[in-house]
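Asks: In the order they appear, the protein sequences are chains P and U.
Per the working numbering, residue 2 is the first one in the first sequence, and the count goes up by one each step.
Per the working numbering, residue 2 is the first one in the second sequence, and the count goes up by one each step.
Calculated directly from the structure, the hints in this document are not laboratory data.
Only a predicted model underlies this, so the values are computations on that prediction, with no experimental measurement involved.
Just so you know, not all the hints are guaranteed correct.
With a cut-off of at most 27 Å between alpha-carbon atoms, the simulated BS3-like pairs for lysine-lysine come out as follows [stated by the list, open to error]: (1) U:Lys10 to P:Lys155; (2) P:Lys155 to U:Lys86; (3) P:Lys149 to U:Lys10; (4) U:Lys124 to U:Lys22.
One-letter residues, chain by chain:
Protein chains: 2
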Amino acid sequence: MYAQITQFKKMLHTLSRLLDKAQQHAEANNFEPEVLLNSRLSPDMLPLTNQVQMACDTAVLATAVLTGEQATGFEDTEKTIPELKARIEKTIGYVASMKEGDFAGWEERIVAPKGWAGALLGKDYFCQHAVPNFYFHMVTAYAILRHKDVRIGKMDYIGQLPFLR
Amino acid sequence: MYAQITQFKKMLHTLSRLLDKAQQHAEANNFEPEVLLNSRLSPDMLPLTNQVQMACDTAVLATAVLTGEQATGFEDTEKTIPELKARIEKTIGYVASMKEGDFAGWEERIVAPKGWAGALLGKDYFCQHAVPNFYFHMVTAYAILRHKDVRIGKMDYIGQLPFLR
Numbered sequence: 002m003y004a005q006i007t008q009f010k011k012m013l014h015t016l017s018r019l020l021d022k023a024q025q026h027a028e029a030n031n032f033e034p035e036v037l038l039n040s041r042l043s044p045d046m047l048p049l050t051n052q053v054q055m056a057c058d059t060a061v062l063a064t065a066v067l068t069g070e071q072a073t074g075f076e077d078t079e080k081t082i083p084e085l086k087a088r089i090e091k092t093i094g095y096v097a098s099m100k101e102g103d104f105a106g107w108e109e110r111i112v113a114p115k116g117w118a119g120a121l122l123g124k125d126y127f128c129q130h131a132v133p134n135f136y137f138h139m140v141t142a143y144a145i146l147r148h149k150d151v152r153i154g155k156m157d158y159i160g161q162l163p164f165l166r
Numbered sequence: 002m003y004a005q006i007t008q009f010k011k012m013l014h015t016l017s018r019l020l021d022k023a024q025q026h027a028e029a030n031n032f033e034p035e036v037l038l039n040s041r042l043s044p045d046m047l048p049l050t051n052q053v054q055m056a057c058d059t060a061v062l063a064t065a066v067l068t069g070e071q072a073t074g075f076e077d078t079e080k081t082i083p084e085l086k087a088r089i090e091k092t093i094g095y096v097a098s099m100k101e102g103d104f105a106g107w108e109e110r111i112v113a114p115k116g117w118a119g120a121l122l123g124k125d126y127f128c129q130h131a132v133p134n135f136y137f138h139m140v141t142a143y144a145i146l147r148h149k150d151v152r153i154g155k156m157d158y159i160g161q162l163p164f165l166r
């Protein structure tokens with residue numbers, strides 16, 4: 002499970018690089034990068050800015066509740082790509098602040114985030130909510146950029162793999 | 002890790018239900034459901050049919066290589082929603098055919114799928130490829146339907162959670 006938390010950090014670095022590509026695409030095509038941040042796949046879906054914020058929030062919440070910390074999270078104030086990249090950096094820093102041992106007993110922890118309909122066992126929360134929700138916002142962010150013609154591909158999303166040979 | 006394999010099955014059931022909603026949406030709006038199956042988020046992205054097939058393939062491959070089986074997979078012949086739902090059912094059946102014990106030693110297995118650039122340790126393959134790739138195709142399928150106005154929301158994607166109280 003700690004490997005999945007480590008993977009959240011890897012994906013957040015990936016998300017930051019996708020935002021770099023968004024910035025470059027906007028500059029190369031002479032439009033404001035904020036146009037991409039305000040883009041959505043459907044009028045009643047949240048735009049890119051929120052998708053990035055919610056991927057960050059999901060990683061923070063999982064790290065906090067599964068280590069027995071209070072999840073305070075970060076305020077949603079970002080309006081630019083550099084600000085969103087800073088949010089991602091803060092998120093990675095928080096996730097990285099917890100060592101594997103801090104997650105001891107995570108499977109049996111009772112997890113009851115504020116505003117939720119009830120409590121979940123840590124193992125159910127992590128597998129059935131944290132992981133699918135993290136990837137939901139991660140892939141939706143990718144999909145918005147892809148839909149808006151930013152030149153990214155699946156390997157930008159998967160990232161480097163530690164091949165043995 | 003076996004909990005994540007179990008979660009693949011849950012998400013595949015979810016994907017099947019999303020296809021039901023697609024079918025209903027097409028019928029209610031008097032168009033052929035195949036229009037949705039051929040929809041894409043960008044001209045050089047794969048359409049919904051392929052996203053469903055690839056989510057299935059990822060679950061089959063992970064189950065096979067981490068239990069030391071040969072991944073034979075299924076042929077990509079589906080042209081309709083009922084056919085894709087049957088593909089999902091076959092995939093769930095294959096994943097369910099493996100018990101937790103069959104995955105013993107998965108972290109240290111050497112995984113070298115056909116056509117890949119190299120070999121990976123099972124733990125790296127699973128966390129850094131299988132899980133992100135599965136959700137990539139799962140969320141992209143959702144995003145295509147959402148983009149095409151099928152009335153689905155995040156809770157259709159997350160599904161039921163096993164609340165304690």
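Asks: Between Lys124 of chain U and Lys22 of chain U, does the CA-CA distance stay at or below 27 Å?
Replies: 35 Å, violated
Asks: Can you confirm whether the C-alpha distance between Lys155 of chain P and Lys86 of chain U stays at or below 27 Å?
Replies: Roughly 25 Å between the alpha carbons, so the hint for Lys155 of chain P and Lys86 of chain U holds.
Asks: Can you confirm whether the C-alpha distance between Lys10 of chain U and Lys155 of chain P stays at or below 27 Å?
Replies: Between Lys10 of chain U and Lys155 of chain P the Cα gap is close to 23 Å, so the pair holds against 27 Å.
Asks: Hint check: Lys149 of chain P vs Lys10 of chain U, CA-CA at most 27 Å. Holds or violated?
Replies: Between Lys149 of chain P and Lys10 of chain U the Cα gap is close to 32 Å, so the pair fails against 27 Å, i.e. violated.
Hint check: violations occur at hints 3, 4; the rest are consistent with the structure.
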